[in-house]
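Could you slot chain B onto chain A? The hints should help.
Going line by line, the protein sequences match chains A and B. Note that the first sequence covers residues 28 to 138 in the working numbering. Note that the second sequence covers residues 72 to 184 in the working numbering.
No wet-lab data here; the hints were simulated from the structure. Note that beta-carbon positions come from the ideal geometry of N, C-alpha and C, so glycine has one too. Some clues are possibly wrong.
Computed footprint of chain A on chain B, listed as stretches where at least three residues anywhere in the stretch have a Cβ under 8 Å from a Cβ of chain A [as the list claims (entries may be wrong)]:
no.	stretch
1	90 to 98
2	107 to 113
Some chain A residues flagged as far from chain B (calculated, every beta-carbon gap over 12 Å) [as the list claims (entries may be wrong)]:
no.	residue
3	41
4	42
5	45
6	70
7	79
8	82
9	84
10	105
11	111
12	124
Each chain, letter by letter, is given below.
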Amino acid sequence: TQLLEQSPQFLSIQEGENLTVYCNSSSVFSSLQWYRQEPGEGPVLLVTVVTGGEVKKLKRLTFQFGDARKDSSLHITAAQPGDTGLYLCAGESGSARQLTFGSGTQLTVLP
Amino acid sequence: NAGVTQTPKFQVLKTGQSMTLQCAQDMNHNSMYWYRQDPGMGLRLIYYSASEGTTDKGEVPNGYNVSRLNKREFSLRLESAAPSQTSVYFCASKGTISYNEQFFGPGTRLTVL
Numbered sequence: 028t029q030l031l032e033q034s035p036q037f038l039s040i041q042e043g044e045n046l047t048v049y050c051n052s053s054s055v056f057s058s059l060q061w062y063r064q065e066p067g068e069g070p071v072l073l074v075t076v077v078t079g080g081e082v083k084k085l086k087r088l089t090f091q092f093g094d095a096r097k098d099s100s101l102h103i104t105a106a107q108p109g110d111t112g113l114y115l116c117a118g119e120s121g122s123a124r125q126l127t128f129g130s131g132t133q134l135t136v137l138p
Numbered sequence: 072n073a074g075v076t077q078t079p080k081f082q083v084l085k086t087g088q089s090m091t092l093q094c095a096q097d098m099n100h101n102s103m104y105w106y107r108q109d110p111g112m113g114l115r116l117i118y119y120s121a122s123e124g125t126t127d128k129g130e131v132p133n134g135y136n137v138s139r140l141n142k143r144e145f146s147l148r149l150e151s152a153a154p155s156q157t158s159v160y161f162c163a164s165k166g167t168i169s170y171n172e173q174f175f176g177p178g179t180r181l182t183v184l
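The following block holds chain A by itself, in its conformation from the complex (with noise of 0.2 Å):
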């Protein structure tokens, strides 16, 4: 079974603030997306990354896949309240194309 490792499981930060937030695994991945999830509902995609190396940006949100497509981050600058939600972090490998998800962390935007 693959592993995700994502860090930090729990964040709490100032309006205003930068953060980053870790997604690691020893294995390869094809690609990588990144959700986020409101409570009561189910994970809404983000971004998908194919690419070792890749950099992707959607406004405020910066996602990069690792050179050799076993990790990734997501930075976000100047957080606002609104960005608060679980963010999880997902690979997806072999034949059946499957998804594995990493454990979540849990951002709280202070105003």
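Showing chain B alone in chain A's frame:
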């Protein structure tokens, strides 16, 4: 266009009872998935169906069965519920255009006493 729908939203069972969780999608997706989410453990795949008529085990299939009734519907059955199956269950579907983007339903919160 409702996306992925799940019923019921909440359920309480006694140990040994059975129930079926229903999932339907209206996006004409080929692949459908069932996950469970427990605190601190992310989402774990129970079963999936790559296309109508096929089903395969995921990471944690024990105690569950599934049926891909047609292209739209994918149900998850607990034959004899156990307290260890207390969890939030999510159904998801995936099309063939986006790179393995999965669309999730709102979840079913199940408690087994």
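Here is how each hint holds up against the structure:
no. : hint       : verdict
1   : 90 to 98   : violated (count 0)
2   : 107 to 113 : holds (count 3)
3   : 41         : 25 Å, holds
4   : 42         : 26 Å, holds
5   : 45         : 24 Å, holds
6   : 70         : 5 Å, violated
7   : 79         : 15 Å, holds
8   : 82         : 17 Å, holds
9   : 84         : 18 Å, holds
10  : 105        : 27 Å, holds
11  : 111        : 18 Å, holds
12  : 124        : 6 Å, violated
Checked against the numbered hints above, the structure violates hints 1, 6 and 12; every other hint is satisfied.
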